Amino acid sequence: MTLAALAAQLVNGLASASALFLLAAGLTLIFGVTRIVNFAHGSLYMVGAYGAWALVDRFGPASFWAAVAAATLLGAVLGALAERGVLRRLYDAPEMLQLTATFAFVLITRDALLWLFGAEDRLGPRVPGLAGTLTLGPLTLPQYDAVLVVAGPLVLVALTLLVRRTRFGLYVRAAAENRVVAGALGIDEARLFTLVFALGAGLAALAGALQLPREPANLAMDLPAVADAFVVTVVGGLGSIPGAFVAALLIAEVKALCIGLGTQTIGGVPIAFPQLTLVAEFAVMAVVLTLRPQGLFGRVATALPTTTLPEQRALVARGGRATLLAAAAIALVGIAGPLLADEYVRVLATDILVATLFAASLQWLLGTGGLTSFGHAAYFGVGAYAAALAARHGWPFAAALAWGPLAALVWAALCGWFAVRSHGVYLAMLTLAFAQITWAAAFQWDAVTGGSNGLFGLWPPAWLADRTRYFLFTAVVVGGAWSGLRAITRGRFGYAVRATRDSPLRAAASGIPVRHTQWRAFVIAGGFAGLAGALYTFAKGSIGPDALAIPRSVDAIVMVLLGGLASWFGPLAGAGVFTWLQDTLARTFDYWRAALGALILAIVLLFPGGIGGAWQWLRARSR
Amino acid sequence: MSRRLCTAAAALVLALSASPAALAQQPIKLGELNSYKQFAAFLDPYKNGMQLALEEINAAGGVLGRPLAIVSRDDNGTPGDAVRVAEELLTRENVALLMGTFPSNVGLAVADLAKQRKVLFIAAEPLTDKIVWENGNAYTFRLRASTYMQTAMLVPEAAKLNKKRWAIVYPNYEYGTAATTAFKQQMTARAPAGIEFIEFPVPLGKIDPGPTVQAMLDAKPDAIFSSLFGADLARFVREGELRGLFKDRPVFNLLGGEPEYLDPLKDEAPVGWWVTGYPWYSLDTPAHQRFLKAYEARFHDYPRLGAVVGYSTVKTAAAALRKAGSTDTAKLVAAMQDLDVDTPFGIVRYRALDHQSTMGAFVGRTAVKDGKGVMVDWHYADGKDYLPPDAIVRKLRPAP
Amino acid sequence: MVAGTLAMSGPLLAVRGVTRAFGGVEALAGVSFDVAAGERVALIGPNGAGKTTCFNVLGGQLAPDRGDVQLAGQSLLGLAADAIARRRVGRTFQVAATFASMTVRENVEVALRGVGRDAGLARATLERAAAADLADRHAGTLAYGDAKRVEFALALAVDPVLLLMDEPTAGMLPRDRRALMDAVRMATAAGIAVLFTEHDMDVVFGYADRIIVLDRGRVLADAAPDAVRADPRVQAVYLGEDAA
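Protein chains in written order, with my numbering: chain S, 1 to 623; chain C, 1001 to 1400; chain E, 2001 to 2244.
Just so you know, the hints here were simulated from the structure itself, not pulled from any lab data.
What you are looking at is a predicted structure, and each value in this text was computed from that prediction instead of being measured.
Please note that a few of the clues may not be correct.
To give a feel for the contact side, a few chain S residues facing chain E, derived at Cβ under 10 Å [unchecked claim]:
{"no.": "1", "residue": "Leu-114"}
{"no.": "2", "residue": "Thr-290"}
{"no.": "3", "residue": "Tyr-495"}
Pairwise CB distance ranges (calculated) [claimed, not checked]:
{"no.": "4", "chain 1": "S", "residue 1": "Leu-136", "chain 2": "C", "residue 2": "Thr-1188", "range": "47 to 57 Å"}
{"no.": "5", "chain 1": "E", "residue 1": "Gly-2191", "chain 2": "S", "residue 2": "Ala-331", "range": "48 to 58 Å"}
{"no.": "6", "chain 1": "S", "residue 1": "Thr-584", "chain 2": "C", "residue 2": "Glu-1055", "range": "47 to 57 Å"}
{"no.": "7", "chain 1": "S", "residue 1": "Leu-605", "chain 2": "C", "residue 2": "Glu-1055", "range": "42 to 52 Å"}
{"no.": "8", "chain 1": "E", "residue 1": "Gly-2191", "chain 2": "S", "residue 2": "Val-287", "range": "50 to 60 Å"}
{"no.": "9", "chain 1": "S", "residue 1": "Leu-154", "chain 2": "C", "residue 2": "Arg-1397", "range": "31 to 41 Å"}
{"no.": "10", "chain 1": "C", "residue 1": "Glu-1055", "chain 2": "S", "residue 2": "Ala-598", "range": "26 to 36 Å"}
{"no.": "11", "chain 1": "S", "residue 1": "Val-287", "chain 2": "E", "residue 2": "Ala-2190", "range": "50 to 60 Å"}
{"no.": "12", "chain 1": "C", "residue 1": "Arg-1298", "chain 2": "S", "residue 2": "Leu-464", "range": "28 to 38 Å"}
{"no.": "13", "chain 1": "E", "residue 1": "Asp-2136", "chain 2": "S", "residue 2": "Leu-325", "range": "23 to 33 Å"}
{"no.": "14", "chain 1": "C", "residue 1": "Phe-1299", "chain 2": "S", "residue 2": "Thr-584", "range": "26 to 36 Å"}
Idealized CB from N, CA, C, for every residue including glycine.
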């Protein structure tokens, strides 16, 4: 790679960096003030792109800039509506519930856009007056890219002025600093949050609209966009707008360099750098967060966030006979029901049981441990792949099944060791980074994992091949594992883990090694997730990279929150309702994703404690 | 045991409730699954194509004296969900066979399920070579021309150009790497000594066009082979045109002529690229004209390639049922061997050798006409001419 | 092993020349003092004098730039907070920290097990802290004064030789305040050393055997209450005048 080529790549990276920054700026603003992890940020980006396309298509290419402005406004209005209509009602609920609500928006937005615009990709026209290229010495740069290169810093300056020089900005800073103080200063929090949400959403839509001349509006742009935005936000330091800019620059340039380097031979080993672009941003994030757990420009959290959930007691209540009876009834109905119903119910119930164990392992981490993981699928997937590889190498079924959780345990021990050095959302993002790196390994390591296709022919032995028998087998294994996890939760170690969640300060002062305890909790969660993964492999006969992709992690979070963080049967309720709904809706409606999103919203709004919370509420009322 | 019991009970109920005449009118159910949400651009027309074929067959009296019915499911684009909905089709709907699927990983997972549950599976769209070769099995047949075949269709033209330095850009997953490998192999076998390939893998759906095009420019290739499609292709085309990447460089793009991917480019469609695709606007064989007219009359839209695939898949199922004279899996699988099916592209044959159909693709060059991308100077490349010799294929497939 | 150190001669806690700066500002500048077994020592000083930094260094939350902290002759430097707790240093915080999702008894049980003690001692520990009446309450629902008492029980659960109490009575009703400090007095009677900070001068002069006054990171005075009360430099500091 020549020096000129290097320079050219760096300049190319600038345009991408600007686009990334515009995308992330809104997210970091929203998070900084409201502490909401807005999963729908990518959806707003997509709305911006489609909105601009629709206007340009209607009024011609000359209207491009007007269309961008209108799309930005549309995004802002939608953001304000979402905040007023839904999120506002959830500020007192556990933080993660807001994430679930925004996830419902993701599902609804996708189907709404499919319904409005159809399935075809919508490529916008080139921007009039900016359709050509600029030539700077050896470098050819599309004029529009040059505009983007400038637009990023412009928005940065505008936002910085807004935050530093205006009354609104003062409030934003106060709220970001300390919500209690902000309230005491007499800031109208409700209005501030709506405004911030509108501004953040507008920025997302702006980013999407500006992307239109570079990328067709399409229905798959939301999740990659939100993942990128998260990464940039976290690498830069949550809530830091200059941080987001630097992070965007860093990531875009690393990617551009990877592409520019091509395949290089280092020490006799050819390394295909462009292949690294699949995970470049996540690798950067893992490195940055490991070295600086609060991101580049984030402030060190002086006081750890302590989420106190007194209702957590329900999770460990001795309960006595009533709970035992309930558990027995659930077991009876759960096994007898599918046996009496048609055979497919057994297949579906097997899926639900596997999802239950997976969700239970996340509930342990999230509820009992207070450790948020956005990448729990990594351990599910490693368990699944490990069992699959063992089976492929001719291991007996039982050994292969046992090897799954063991491998997941080892992997969780490694990733967890780094992850528990961070806290809160940083920890969540670090787990996401590890999950994405794991995913990329599974996706690209053709010789071992079968690459993007995965591995096949992994059926249980003949005596278990029958659907009914495998269902019963799964029921026994999941029942046993789940009881084991419950016993750990209620045992000494469970109490120590809860102590670290309730008050890390007090836990340490009581002789509990906080980080070590959290690490062990993480490892246990990984092991149980791995067992779920191993069971999954043999239920499906195949395993692919989707087993450890982001959607599976998100599904698990949604299941746990639907079921209720603080309810012992929450994982079963959440996994059951989510899987069953998805199965039924997908068969009944064309727009089943929107229907699923609407139902999730309804559950979240009506029962912030999840299904388990609703159940406790009903019981309390009936007394 | 309980399954047998259930089946027995179901049979008894059917026997008691239905007179023989009524039984004859029970439709034969075809189980179909696809990633309708993930690949809607291809699969919406595909669904129309299936619908058209179904209506035609039933209007003509159905098959074996019974109407056909399609039970369609969304597999959510993941192998795990695909296996579950396939199980539902098998157990609850009692379908005679499985068909459909789009992405390779889903196709392969369902193929494996078909082998485990011993049921016929007609893979409609997955392009992976593995589904009929390395991972082939007795119960799985595939309609579309594979990655290998479509690459082979472009290679003769590419080899003729006598270019030494090739840049290969591809989506970084199985389809892209398989196309790249096939291209390199076949070119090396035919082309001059000293041919070299520089590879540019890009993440699927997330191409970073500026740096990619820049890096390709820096590599100074003589020619370009691409297997990009969808949004990646659109971004690549726009950026490459702007930066003059395609000036004086021949470009070959697998699937680039399929309306699904060419149409969104409108007047910015590249000119003079060699592509495989489907020129519905100028394909005037009687078989296609009949299909085209029927499709346009029924849906007031022009067909995309997906429509042809959906239509031909249902036609395949009907032909297999007719030849087997039964819905019994063993007989259906036997019937699929060297089965001839009438499709809009002419008669295709499911080879007994490797269960691959001989459906071909159209090879031609791109042009812009009336503000739209089209294929010109095209010819039909019959699939049977672009497969490796039988002896090699036999070695590729696992022993039955 | 640590139990034996109680009989050792020399101070129980020895702070020697501890210095800690934050961005160029020295919060602690060569602080040295001793605390003997069974002694109640108050650490006072105006805001910003370095009390909290000093406590955080002693408790293992913060590493000093220079100097040494020894407990019964062994250095505590480099030990994490949990290891210091296992060396039998109990701690309470300015804002009472308890395990909100557990009952008070469970709180104490967790703390007992944290240092490897028998959870069966929970009842006795609560009684020593005059908090037995709260045993079955949920820690998350306690009134603030009650939470302070529970926290004292948690500090006692490590079977301390030294208690570090950061503003033990802040936010408490006068009646609760007396009950808590009487419990502290009983603990010291059993040989436990107590180092505490406090804003309430009645508590300081009513309960401390000795008072250490910090000002701008330095020890200004270290003497019996009466001597400190009479010290003009201390008065100057508390009246906001320049001490020099």
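Compare the structure with the hints numbered earlier in the document and write down the numbers of the violated ones, lowest to highest. Hints 1, 2, 4, 6, 9 and 12 are the ones this structure does not satisfy, whereas the remaining hints hold.
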